[in-house]
Structures are given as structure tokens and as C-alpha cells.
Amino acid sequence: MRAALICRKTSAYLLLVALQLLIAGCARTPPEQAILNALDNLEAAIEAGDTGTVMEALTDPAEIQRGGHSLQRTEVRRLLMGTFLRYPKRQLAITQVNIELDPVTQRHARVTFTAFAWGGQSAMPDNADSYRVVSDWREDGEWKIEGLTANGLRE
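Mapping of the sequence shown onto our numbering: residues -17 to 137, in sequence order.
It is possible that some hints are incorrect.
Unchecked claim - Beta-carbon label-pair distances, calculated as ranges: (1) E14 with S104: 33 to 43 Å; (2) P12 with A105: 31 to 41 Å; (3) E14 with Q103: 18 to 28 Å; (4) P12 with A110: 26 to 36 Å; (5) R92 with R10: 20 to 30 Å; (6) M106 with E82: 31 to 41 Å; (7) A16 with S104: 12 to 22 Å; (8) M106 with R10: 38 to 48 Å.
By construction, these hints were calculated from the structure, which means they are not laboratory data. In this text, a Cβ means the ideal position worked out from N, Cα and C, and glycines have one as well.
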């Protein structure tokens, strides 16, 4: 009798552990939300002047187009560092985000958004601009940008 009770308790505990593992496996962040989280991290890194975090958000190699010019990773890093030095007080607002997820693989996405950027030496901005951004993302453990084209809305 006692052995049957111990066997039932053990079975119940094993079932409980198996259910917890299954539930934990289902807790994966949906791709769209993971991309939005990555965009939020990117926005925070740009506002903080964190070049390293911004560069980590890019795949290697990444195809970056700005104003009709193709930029390599070293050029992107220099552009970021120069911008961060020129505008120590900077802000970025990302709006109108549209995510088109590859329905087959769920590991590639095209993300389009509008980015408003402004900054200066003090609290009052010296310069402001807005960009329409089309970016291609790839999930390989985490979502990263593999291609990006930014065109100023005034262009």
C-alpha cells in the first residue's frame, strides 16, 4: 500500500515537472514582439550614444544604404560616433512601424518605420530630420538587421 502511494506521488511530481517544461517552452516571445523589443533597444542605444549596442544590432555583413550611398560596417560606426559627438543631446522617435514576417520561415522580416531624430549641444535641438526606413531583419538566436535603407522625408 505504501509503495503504491509513493509511486503515485512520484508520478504526479514527474507529470508536474513535465508540464512546467512544456509551459516554459511555449513562453517564447512572438517574432513581431521580439522585433519591437529590438527596435526599442536600438532606440535607447542611439539616445544613449552606445555605438557598441547599435553595431551589435547589425548582422555581419549588413547592407546599409543612406542617401543612395552604401555604407560598410566601419563607415556606419564612424557615422554613429561622429553624430553622437556632434549631438550630445539627441532624441529619436520611431513611429508607424509595419512588420511583414516571412510566413514560411518566421525567421526573416521586412520592417518599415518612420524615424524622427533631433539633437544639439543643449536641451534645445540644433537640428532635426525625419527618415522613412525600410529594414530587413533576420532571426538567428536574436533579431538583427541585415539590410537597411534610410531616406530623408525631405528628399
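Hint check against the structure, violated hint numbers in rising order: As far as the earlier hints go, 3 and 7 are violated by this structure, in ascending order.
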